[in-house]
Structures are given as C-alpha cells and as structure tokens.
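Required output: the full structure, derived from the provided sequences and hints.
Sequential numbering of the sequence shown, starting at 7, is according to the working numbering.
Be careful, since some hints might not be right.
[Unchecked claim] If you anchor each label on the Cβ, the simulated ranges turn out as follows:
#, residue 1, residue 2, range
1, Asp-284, Asp-407, 17 to 27 Å
2, Glu-427, Gly-20, 20 to 30 Å
3, Asp-284, Asp-87, 22 to 32 Å
[As the list claims (entries may be wrong)] Within a straight-line C-alpha distance of at most 20 Å, the following computed EDC-like cross-link-like pairs (lysine to aspartate or glutamate) qualify:
#, residue 1, residue 2
4, Lys-223, Glu-282
5, Lys-293, Glu-282
6, Lys-339, Glu-279
7, Lys-154, Asp-255
8, Lys-113, Asp-147
9, Lys-113, Asp-145
10, Lys-135, Asp-156
11, Lys-143, Asp-131
12, Lys-259, Glu-279
Derived from the structure by calculation, the hints contain no laboratory data. Predicted, not measured: the structure shown is a model, and the values here were computed from it. Beta carbons are placed, not taken as given, at the ideal position from N, Cα and C, and that holds for glycine.
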Amino acid sequence: MEQYVVKGGVPLRGEVSVGGAKNAALGILAAAIMTDETVTIENVPNVRDTRVLLQAIEGIGAKVKYVYNNSVQINGGSICDLNVEYEYIKKIRASYYLLGALLGKYKESNVALPGGCNIGSRPIDQHLKGFKALGAKVDIDKGVVCAKADKLVGSHIYFDVVTVGATINLMMASCMAEGDTILENAAKEPHIVDVANFLNAMGANIKGAGTDVIRIKGVSRLHGCTYSIIPDQIEAGTFMVAAAATHGDVVVKDVIPKHLESISAKLMEMGCEIVEGDDWVRVIADKELGSTNVKTLPYPGFPTDMQPQMAVALALAKGSSMVTESIFENRFKYVDEINRMGAKVKVEGNTAYIEGVQRISAAQLSAPDLRAGAALVIAALAADGISEIEDIEYIQRGYEDFEGKLSCLGAVIAKVDSDRELQKFKLKIG
Numbered sequence: 007m008e009q010y011v012v013k014g015g016v017p018l019r020g021e022v023s024v025g026g027a028k029n030a031a032l033g034i035l036a037a038a039i040m041t042d043e044t045v046t047i048e049n050v051p052n053v054r055d056t057r058v059l060l061q062a063i064e065g066i067g068a069k070v071k072y073v074y075n076n077s078v079q080i081n082g083g084s085i086c087d088l089n090v091e092y093e094y095i096k097k098i099r100a101s102y103y104l105l106g107a108l109l110g111k112y113k114e115s116n117v118a119l120p121g122g123c124n125i126g127s128r129p130i131d132q133h134l135k136g137f138k139a140l141g142a143k144v145d146i147d148k149g150v151v152c153a154k155a156d157k158l159v160g161s162h163i164y165f166d167v168v169t170v171g172a173t174i175n176l177m178m179a180s181c182m183a184e185g186d187t188i189l190e191n192a193a194k195e196p197h198i199v200d201v202a203n204f205l206n207a208m209g210a211n212i213k214g215a216g217t218d219v220i221r222i223k224g225v226s227r228l229h230g231c232t233y234s235i236i237p238d239q240i241e242a243g244t245f246m247v248a249a250a251a252t253h254g255d256v257v258v259k260d261v262i263p264k265h266l267e268s269i270s271a272k273l274m275e276m277g278c279e280i281v282e283g284d285d286w287v288r289v290i291a292d293k294e295l296g297s298t299n300v301k302t303l304p305y306p307g308f309p310t311d312m313q314p315q316m317a318v319a320l321a322l323a324k325g326s327s328m329v330t331e332s333i334f335e336n337r338f339k340y341v342d343e344i345n346r347m348g349a350k351v352k353v354e355g356n357t358a359y360i361e362g363v364q365r366i367s368a369a370q371l372s373a374p375d376l377r378a379g380a381a382l383v384i385a386a387l388a389a390d391g392i393s394e395i396e397d398i399e400y401i402q403r404g405y406e407d408f409e410g411k412l413s414c415l416g417a418v419i420a421k422v423d424s425d426r427e428l429q430k431f432k433l434k435i436g
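What follows is the structure, given as structure tokens:
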C-alpha cells in the first residue's frame with residue numbers, strides 16, 4: 007500500500023509550477039464527446055480522477071489518445087453505448103458530467119449514481135430538475151439515472167442552491183437544445199467559465215459564464231477544436247498555504263492570480279507577504295503567523311476545497327481562529343488526525359475553533375479525503391519528526407506528482423510502498 011513519509015521542520019523555498027485545473031478538466035473531458043470530430047485538450051492534469059473519467063469515456067466507445075504528457079485527443083464519433091457503468095462512477099463523482107454531455111448530444115443517457123470523496127451529501131436533484139425542464143424524462147432505476155427526450159427545448163431554469171455540478175451539466179445539456187436557455191443562480195467558479203469557453207470553442211453559444219445568469223442559444227452541432235485548460239486554483243492555494251505553514255518563501259508559477267484572491271487575502275491577514283506577477287504569486291512567511299477567521303463560500307468567496315489546508319496553517323498561528331464550513335457538512339474529518347499531532351482544534355457543528363500552538367509533532371496519519379489528505383501533508387511538513395501518511399490514493403485523485411513538486415521546494419518527502427522502502431528513507435535522512 008503506497009504511503010507518504012515526511013520529515014518535517016524544513017521551510018519550503020523555491021519555485022513550483024501548477025498543472026491544469028482538475029475540476030475544469032473533468033467538465034471539459036466530458037464535453038469533448040459532444041462532437042463527432044477530434045478535440046485536442048491541453049494542460050490536462052495527469053491525476054487519478056481524469057484518468058478514470060477518460061477510461062469511462064473509452065468504455066462507451068469514444069477514442070482517447072494521449073498525445074504527450076498533458077495533452078489528450080478525444081473523438082466521440084464512435085460512441086456506441088449510452089450506459090456509463092458503476093465501476094467508473096463509484097471512483098469519481100464527476101462521471102455524472104457524462105449525463106449532461108450524452109443527453110445533449112444523443113437525447114439519452116444512463117449513468118450510475120456517483121461516488122467520490124465522502125465529505126457530505128451532495129444531491130443531484132438540481133441536475134435532474136434542470137434536465138426535466140429541458141424536456142427530458144428522468145427516472146432512477148437500480149441506482150442508475152436514466153434521462154431520455156424526443157427533443158430538448160430551451161427553458162428558464164432557476165437553481166435553488168448554487169451548484170457547480172448542475173451548472174456545468176445543464177450548460178452541456180442545453181447547448182444543443184432547441185431555442186434559448188437561461189440558467190439563474192448559476193455557480194460562478196473559474197472552472198464554470200473554462201467549460202463554457204471550451205463549449206464555445208466547439209461552436210456553442212454561451213454568454214454570461216462567471217456571472218449568476220448564463221444565457222445559452224442552442225446550436226445544431228458542435229465541431230472539433232484545440233483548447234488549453236486553466237491552471238488549478240486549489241493546487242496553487244495548497245502550495246501557498248504550505249509555504250505559510252512551514253515559514254517558507256515560495257513562488258507558485260503558471261497561475262491566474264485573480265482566482266487566488268480569497269486565499270491571498272487570508273494569508274496576508276495572517277502576516278504573510280504576498281507578491282503577484284502576471285502569472286505567478288509569491289508567498290513569503292518569515293514572520294510569526296497570526297490568527298484570522300475563515301468562512302467557506304461559493305466563488306469568489308473562500309473555497310471549500312482550501313478549508314482543511316487553511317485550518318492546518320491556523321493551527322500553527324498565534325491566537326484563536328474560527329473556520330466555518332458552509333458548503334459541505336462532513337469536512338472536518340482531518341481534525342482528529344491533527345489533534346493527535348498536538349493541534350488544539352474543537353469542532354462544533356459546522357465550525358472549527360482553533361487555538362494556535364507553536365509546534366506540532368509527527369504522527370502516523372490517514373488521509374480521509376482528497377483535500378484533507380493534502381492538509382495532513384502540510385501538517386507533516388510543519389511538524390517535528392517523521393510522519394507517515396496512509397490512504398494517499400485520495401491525494402492522488404487531485405494532485406499530480408505532489409511529492410515530486412514538494413521535493414523541488416526542499417521538502418523531505420517520499421512515496422513508499424513497502425516497509426523496506428520506508429526503512430531505507432529513514433536511514434537516508436538519518
């Protein structure tokens with residue numbers, strides 16, 4: 007079983023490049039099957055989630071070709087099956103984007119109900135409500151969502167809650183519907199804009215992505231294109247917070263600084279110096295960290311996917327902090343792990359009350375989900391001694407070569423898959 011082993015106490019220093027946004031990639035890869043022509047997608051992060059989705063796309067008959075490292079060619083002209091099996095869905099939640107893509111193109115899709123990280127209930131009722139509004143008949147049979155329509159007709163759809171997944175799914179389903187669709191109370195995240203830009207590059211007519219009202223004029227067909235995915239806001243934020251927690255000095259390259267403003271603002275409140283360039287952000291944490299309060303909100307608010315990482319940094323900051331989770335109800339499962347390292351965090355309802363400590367100690371840790379796993383790596387990097395982190399397959403779902411990039415910043419970290427390798431690492435670092 008693979009695990010990370012980390013010797014903490016080393017400030018991260020240097021430069022690190024960020025890959026393509028995982029959450030944008032999942033929507034874009036699904037949307038790529040909506041044309042019968044070849045689509046080339048660049049800057050695709052090579053992480054477990056994207057690989058599983060590409061396997062699911064191949065599983066329904068589309069042709070998938072890795073051109074080189076982070077570029078993929080997809081041709082959906084050979085799709086012969088509108089059933090996406092549970093085997094793929096149970097591994098990643100975002101396979102449900104194939105619902106909107108297949109329904110938009112073929113007016114039919116059958117996709118098993120999704121899995122993914124266990125961070126709380128994430129119902130797909132808004133997706134289904136939207137499909138019905140476009141004229142599809144939707145049934146759930148033996149754990150499979152079956153959506154079918156003679157034709158899809160544009161509609162005015164109001165989301166009861168702001169939902170990234172439903173916004174992306176409904177953009178895909180409606181871009182080949184007859185007439186006009188309006189999506190109100192739409193999510194505004196950067197990856198919504200990226201998926202809309204990609205669909206437009208294929209010939210869709212989508213306006214207003216990035217605002218809470220998206221207007222879509224249906225088109226009869228989509229065509230091939232070449233498209234590059236935006237940088238990953240959460241990967242960038244993770245390295246920024248790791249720099250802060252280890253009192254380092256890190257330049258995070260190949261980013262869009264505007265997407266990182268909520269993270270930069272909190273780090274500045276904590277006493278870090280933030281310097282921005284056109285496509286880079288530098289975090290300098292040479293002073294004692296101070297406390298602050300954080301509340302997760304839909305974009306442009308503080309991202310829920312950065313909450314665990316920020317909580318770890320605050321656990322090492324002087325004073326009392328509060329972290330309020332307003333998106334998911336089960337996102338504090340890492341707290342028991344960092345408390346075992348000597349942190350003082352108490353969870354009541356959807357709020358974590360944090361009393362900062364000067365230092366934490368290494369421990370045997372287990373990653374409960376993707377972002378909490380990354381947060382535990384940050385805790386291990388800041389701790390005294392050698393930590394071992396298990397269940398790192400969660401972390402590999404969303405971070406490409408995480409240990410390699412951290413090593414380039416001076417972190418003492420390795421991925422090992424046997425006791426022999428673990429002992430070798432410990433001997434090597436003394």
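Tested hints:
no.: 1; hint: Asp-284 to Asp-407: 17 to 27 Å; verdict: holds, 25 Å
no.: 2; hint: Glu-427 to Gly-20: 20 to 30 Å; verdict: holds, 25 Å
no.: 3; hint: Asp-284 to Asp-87: 22 to 32 Å; verdict: violated, 45 Å
no.: 4; hint: Lys-223 to Glu-282; verdict: violated, 38 Å
no.: 5; hint: Lys-293 to Glu-282; verdict: holds, 19 Å
no.: 6; hint: Lys-339 to Glu-279; verdict: violated, 30 Å
no.: 7; hint: Lys-154 to Asp-255; verdict: violated, 54 Å
no.: 8; hint: Lys-113 to Asp-147; verdict: holds, 18 Å
no.: 9; hint: Lys-113 to Asp-145; verdict: holds, 14 Å
no.: 10; hint: Lys-135 to Asp-156; verdict: holds, 17 Å
no.: 11; hint: Lys-143 to Asp-131; verdict: holds, 14 Å
no.: 12; hint: Lys-259 to Glu-279; verdict: holds, 16 Å
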